[in-house]
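J.: Sequences are here, hints too, so could you generate the full structure?
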Amino acid sequence: MHAAGGRQAPLVPLHTLHSEDRQRRAAAEAWLYRAATSRQVAGVEWADQGIALLTAGIVWDAVRLPYGPLGADLERDADPDQLGRRLHELQVAGPVFCDPYRPFLYFLVPPGTEQEWPRSLDRLGVACLGGTRPYVHHVGVPRLDRISPPGPYWLSVPDGTGQLVDPRHLYQVLQARADDAARPDGPATGRRVIA
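Oh and the sequence shown: position 92 is 781 in this note's numbering, straight run, nothing missing.
Just so you know, these hints were derived from the structure itself, not from any lab.
By construction, the Cβ of each residue, glycine as well, lies at the ideal position given by its N, Cα and C atoms.
Watch out, some of these pointers could steer you wrong.
Label pairs and their computed distance ranges (CB to CB) [claimed, not checked]: (1) Gln861 with Gly801: 14 to 22 Å; (2) Gln712 with Val825: 25 to 33 Å; (3) Arg812 with Ala715: 39 to 47 Å; (4) Arg774 with Tyr824: 32 to 40 Å; (5) Val825 with Asp868: 29 to 37 Å; (6) Ala865 with Ala736: 36 to 44 Å; (7) Ser727 with Gln852: 22 to 30 Å; (8) Pro807 with Gly732: 33 to 41 Å.
T.: What follows is the structure, given as structure tokens:
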């Protein structure tokens with residue numbers, strides 16, 4: 690994928706990684722492939738387009754949200770460093786990727802989360818995408834070496850262990866920020882919301 694100026698997103702070639710990093714990346718890739726309806730098709734999509742259409746609800750569900758619920762100061766053109774700092778401040782850990790064109794963040798959470806995800810954040814554009822029948826969601830997931838724009842990229846790459854974002858913590862953080870923003874006197878200045 691190329692940006693308008695002809696720049697290509699930096700890739701991290703597998704041969705430049707240390708042995709332990711290669712093993713982690715191979716494990717993470719195998720884990721992601723488990724969500725593909727066809728391993729071959731997903732491989733071609735990642736090679737040709739940098740993203741592959743994977744099925745939620747198999748090894749992960751995805752909580753999709755616009756930048757706003759993480760803070761009114763995050764604009765459409767927020768850069769990866771700014772987004773990463775915000776996730777760190779909010780103590781959200783686990784695999785997260787960004788689609789800057791929409792713009793949305795996708796937090797990979799345990800499969801089945803969709804069935805229990807509270808609907809109180811729907812008004813903010815937050816949705817949990819899973820595999821609950823009759824609705825099976827397919828999500829465009831970036832290749833593991835896509836760690837910056839243009840195009841979808843990872844803010845926090847899967848580590849190969851299957852560790853996912855804690856959905857309860859994520860919900861508490863988002864709900865606390867929504868409650869804070871809805872206060873009649875506006876958000877509390879200088880207050881950090883940590884769930």
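J.: Run the structure past the numbered hints and jot down the numbers of the failing ones, going up.
T.: none
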